[in-house]
Amino acid sequence: MEMAATAPDSPLERAAARASNHRVTDLRARGEPFTWLLGGCLSLGVVMIIGFLLLVLWNGFLTFVPQKIAVVTSKDGKVIAGEAFRAERFRPAPDVLAALTPDERSAVAKGDGMIGRTLYRVANFDLYGEDFKWVIDPDVKSVEYPADMVIVERLEWGPFIGRVEAITLDGKAVEGNDLKAPAVVKAHEEARERWARMREIERDEIGALNHDLEVARLDVRRAELKYGADSPQQRAALTELDRVTKDMQSQFARLTAEVQALRSTSDKYSVTFADIGDREKVVPLANIVRAYRPNALTFGEQVGVYFSRWGEFLTAEPREANTEGGVMPAIFGTLAMTLLMVIVVAPFGVITALYLREYAKQGRLVSFVRISVNNLAGVPSIVYGVFGLGFFAYVVGGTIDSLFFPERLPNPTFGTGGLMWAAFTLALLTVPVVIVATEEALAAVPRSMREGSLACGASKWQTIRNIVLPRAMPGVMTGIILAMARGAGEVAPLMLVGVVKLAPGLPIDGIFPYVHLERSFMHLGFHIFDVGFQSRNSEAGKPMVFVTTVLLITLVAVMNAAAIVIRSRLKRRFAGSQF
Amino acid sequence: MSPATVTTARTGNGISPQLQFGETVTHIKRGQQGIVLDIKNLNLWYGAAQALHDVSLSVEQGMVTSLIGPSGCGKSTLLRCINRMNDLVDNLKITGAISLHGEDIYAKAADVIALRKRMGMVFQKPNPFPMSIFENVVYPLRIDGVRDKTVLQETCERALQGAALWNEVKDRLDQNALGMSGGQQQRLCIARAIAADPEVLLMDEPCSALDPIATAKVEELIHQLSGTYTIVIVTHNMQQAARVSDNTAFMYLGRLIEYGDTEVMFQSPLAERTQDYITGRFG
Ligand SMILES: Nc1ncnc2c1ncn2[C@@H]1O[C@H](COP(=O)(O)OP(=O)(O)O)[C@@H](O)[C@H]1O
Ligand SMILES: [Mg+2]
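Top line first, the protein sequences correspond to chains H and S.
No gaps in the numbering here: position 94 of the first sequence is 94 in the numbering used here, and each next residue is one more.
No gaps in the numbering here: position 240 of the second sequence is 819 in the numbering used here, and each next residue is one more.
The shape of chain S in the complex, shown without the other chains (with noise of 0.2 Å):
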């Protein structure tokens, strides 16, 4: 594992004296399968107000990397960048550049559906399809034009196998999704991300309308699903960064301020703002 390192990401310009913002301090743990995602000097504009400064964050292959800071400061814009649903926003505005396996996201001929097949996201809220549990699972495979029968149900037992749902479902696969629990919709969510066999996993605090119990049980699934999957996952929640999270970005006012190793970052962090936001002094 490398020594904690600072990298020479520069911020932009026009910040105001007295936030003193200084350069992001980086020293993350390194996997051994290299980078999958590279995101470099990330600026967006909502209209004319911005909301991302000049972010850089490399993310490591098979690893989970958590997305902290206090609400409203990008941590789901950021992650909407990755898979670019952020293209259905008006009057919006990105420079920098995003690439997956070196390939950039942006690029005029890139392809955004092929994109988002590479990517599974999970929401804040439960989405589940208005259809079966059955339907939901295979609905990746079905817009790709999947028929053959034991193809979809095959996927289906993976897909909620690995997001631990399958006991709980197995003899109820043909009734409405809509029927469930929290917890359990949230998990089907999942198995439908994971479904495709996407390459990241893109979590945008998927725990924080559920309770307690179902939320622990998503943090088993997300220890299990690492090391298959790369996950970036977006929480509010401290302890369950440290808990889940191999590295941590810590984001401020659109801003990332620290980004690193999560034992470090919650027992030694090297920012100040960091060391406050941590200590709960403020955010």
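Next up, chain H with everything else stripped away, as it sits in the complex (with noise of 0.2 Å):
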């Protein structure tokens, strides 16, 4: 505009003119502040993530670092001992405020008005009927740490916190209350593995007699049901079911009298501990998982403690109302179900996509479809889980069990909840991300590509079976890593269609047919939930939640990682260098 105002009449001034007109380019035209912006947005979410992760690993790391034993005199010569947990400042109530002396009183109110107090895991649940206790700063007349100060992971009622009374091994008293003596490091190996086979004998042994019964027991139901009762069939089952029962019943003796056996040694080992109070409190060696001297460790020891509370974490069985313990069947349970949910997922996603992206007439109907599989990401995963519970459980599992397992009826196989209609839930869950994710990846096949193979003669098929669907591969990698990773965080549909708190056996086992799909399971995720918010001290199962979290985040990442691995390696196929 201003060019034409002053219209320079000659070719040079005209060029002057643009030249002049060209030096600056205005702030907006650069797009400078949008590019702010954009970086602005992209930091701030950047350094939330990791924010969220480094408060993730942090605690989760930190949780099964053994922490020292303070005992705490108060001024009224009260004494506690437990580690600290946790501190803080509070502002406290009037007669919190009254109980402190004058001068304390005008410290206080000197300051902010706030004082500090302290939360100690005092542990010895069964003694004292809490976990916990909060000291206040003014009360507190000393801290010490004794090294002769132990703390006991135990079976039941949760850590011990005391001293080590008397140590009995085979029925004899043992001098010198040494946990670390060879001959009580000896004895106790020896009581976990009679434990150990206790548990095997209780639950696997005892419980495939049971199976074995079962069977025979169902076998005369279904006789019956088929050939009605009284008939040949029938009979020959009740034959077999008396020939089954009798012979378990000699098994079940023998092995009750080896868990006596069993029991009996066991008794004649245990540890008398008392707690900072001297009261006393026997516990059986066998029930003992770990004992130490938190406040005497060397290094070594303390690493030592450590890792193996780590390969607990991530070996054992939960205890404790999921608190204490490992997560091994939730690791196990979240993996199944994941791998599963693929499996179901990843066909008939692609399978959709095919049909809708190269198929169907592209119209509105097809337009309406795809409306409608992008919003079904949108619809909230609980309703999923009623679908599931209602659809599948109900209706598709209901008519399995009436159709193949009539003979345990009224109780449910697949009428129910249970790693398959888990599994299948969370696929219809997903299944609009791999659908869109194959569809781009479809759309995105070079047309060039198509139309070299088709000249070629190929059918449409042969054409998407042999260059559309290999070169779609990375894409739909792409979605099935989405629609894992959203699955494999989801837990509110899994708490109505097969998730449980405590399982009773692993979906995969000795017993034939070995994978059992029918069976509930636990899953990390429902784990978090549980310790965290549901169980009978939920401070207690707090560091829980972090280690849970950190594991399951590992799990996702690593079956993402799997998965990217996998996408690459396909990819590098369609990575030439042209020209």
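I should point out that these hints are in silico values taken from the structure, not numbers from a laboratory.
Errors might be hidden in some of the hints.
Among chain H residues calculated to face chain S with C-beta under 10 Å, some are [claimed, not checked]: (1) P446; (2) G452; (3) A458; (4) I467; (5) R471.
Small disclaimer: the values here were computed from a predicted structure and weren't measured.
C-beta atoms are modelled at their ideal positions from N, C-alpha and C, and glycine is treated no differently.
Each of the two chains sits in its own frame; use the hints to bring them together as a complex.
Printed below as a string of structure tokens:
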């Protein structure tokens, strides 16, 4: 506009005018403010993600570090022993203030009116009825860390904090009260082995006997349903049941005797502990998972305790209402469910996308279907849970039960939540992601490649199978990765279709048919919810929440990494150096 | 060789008067083996827009026929009608007839897949598949279900030699075809097109994405293939048409203006529009 106004006449002048006009580019035209905005948004997101991860990792990895046990003596003479769990400042209520000495009161008033306090994990739930105690700073007379304090992780009642009073091995007291004495360590190992053996008998072997009996009983019922009561078949089955029952009774007696023997041996091994107030508690050696003196650990021993706790966490079964022990069944359940979900969702999503993109006539109906599929991703996941329970478990599972397992009714087999229905429900939940990603990938296959194949005389299906699908595979993998991430982290619908707090058995075991898709299972996501918010003592469960979260995140990351490796392998085939 | 003749093909009605289209001027060089492809009164609409107007043209067996004309005049469209690649386009309408050895390829009962196997096609941009060189070449056999190793290997060697590529790639047949240079890729596509031993080879500007050396190689190849194969080649490069083809068809705005002996076309075209185009007055 400027140029038109001055209207220079010679070409040189005009060129000069142009040059001066163009020297400064408008800030908005350069787009720099937008770049800043975008950069700002990105860094905010990154900071939040990193902060979240750091919080989870920090708490998760510190949980298993052995903590020192403080013995706190109050001014009124009370003594407690425990791990310092958390410290904070709070605004005291009037009665708290009233209990302070005038000096302390004025010190508080001179400050910001806040008092510090510390939460100690005093454990010994069986003696105290609580796990934690608050101590306010002005009350503290002294804090000591005596070397002979012992923390005992035991199978019942949570940890115990105190001192060793007496050790009894094979009915005889041993001198020294030293838990690290070779004889004690050896006796402890043997006691734990006996315990494991008892558990094996009670759970696996007697379980197998019960299973056989149940099979024989169901045979009778099936024969009755099929051939009628008192038919020759039913009588044969009854005879068989008799035989199995007798057989089982003799074996059962044998196993019970073995358990009895083990138990009476175990009873002769125990440790007597005393809490800080000298109240005694006898703990069978077999029930002690780990006992050590946290205040007297060398660095090497600390590391040992740390990793042994991690080892237990990863490989053992939960105990103490899930707040202690391991999460192996939950890891297993999460993995099994996610993999099963992928096996279901991948073909289902790919086939749907193939039909939508390649075969269906692109018109209003297809657009409508596509929009609906996209919107499915916005349906609350609990709705899928309700659907999964109602349709998969009750309708499909109920039908399967009445067709194939009539003898077990009214006990449901497939007619209730289970691993398979959970995987199906999550597959339904995540299928839009796979469909959308696959459709995009199919659309991105160059037209020239399809034409090349068709021009060779390939049919449409041959072209799709040989050229289009392989080429779209990386995109499909992206969809599967997203679906997996979404599915592995989903909890709400699972609570309706098969996840339980404590599963009686793994979905895979040694009993025919080895894979039990109808069983309920444990899941890390639900475990987090359960431990953190549903347990007797959520304060005690809190550290486990972080550890389990770390584990779940790691699991998802590992599964995704595996899928990404596969994807980049696939991609490499298409990344030729063109020209 | 017959003297220049003027066919009686009529153009459609509805021509705007100022364009003054005449009838197609035809003076083709005849081969000894007769006609392979016969296109009669072909009209084609993309939706409402007519892209081909009453095109009639016959292709001599064993000869190279080139289609020239300014871009957008319908050369590719015509070529893609020959192996029915246009079937993929929605809202397409075609009238007229194309016959291959007297068989109507647009007949209801025609087998499109079998038809395409009889005609190889090479595209403007090299489009090798993301597979090994070997698998690319034998792709037409694979889809026919050929499993015999020796047959596949022989075909691969024959096709690659036919495409003058054998010596360059014989040691790396198992490597990914996408790692080859553009010129090699295009010759690979030619090898793929001749692997199934087609009767006709259709080429749509096969050199437009190639550098001059690769172009020379492909042109040399076309020379070698002529006689064995009937070749229809679309090109916007007039020198190329002059170099490689026996007959040349000049198209303009969806109409076939002149179709005849390449030498005549480039030295003394009979139609005024051809003259203008060849001398570079438009297009
Ligand atoms: N798939 C299509 N849909 C609609 N119009 C098309 C399509 N392909 C080509 N056309 C139109 O048909 C005319 C001829 O195109 P084309 O045969 O590709 O020309 P050429 O190959 O001679 O450059 C052009 O006007 C083009 O816009
Ligand atoms: Mg073209």
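For each hint, the structure was consulted:
1. Of the supplied interface hints, the one on P446/H holds, with its beta-carbon coming within about 7 Å of a beta-carbon of chain S, less than 10 Å.
2. Interface hint at G452/H: satisfied, since its Cβ lies 4 Å from the closest Cβ of chain S, which is below the 10 Å cut-off.
3. Proximity of A458/H to chain S holds as hinted, the smallest CB-CB distance being about 5 Å (cut-off 10 Å).
4. For I467/H, the suggested interface contact is upheld, since its CB lies about 6 Å from the closest CB of chain S, less than 10 Å.
5. Taking 10 Å as the C-beta cut-off, the interface hint given for R471/H holds, the closest approach to chain S being about 6 Å.
Of the numbered hints given earlier, the model fails none.
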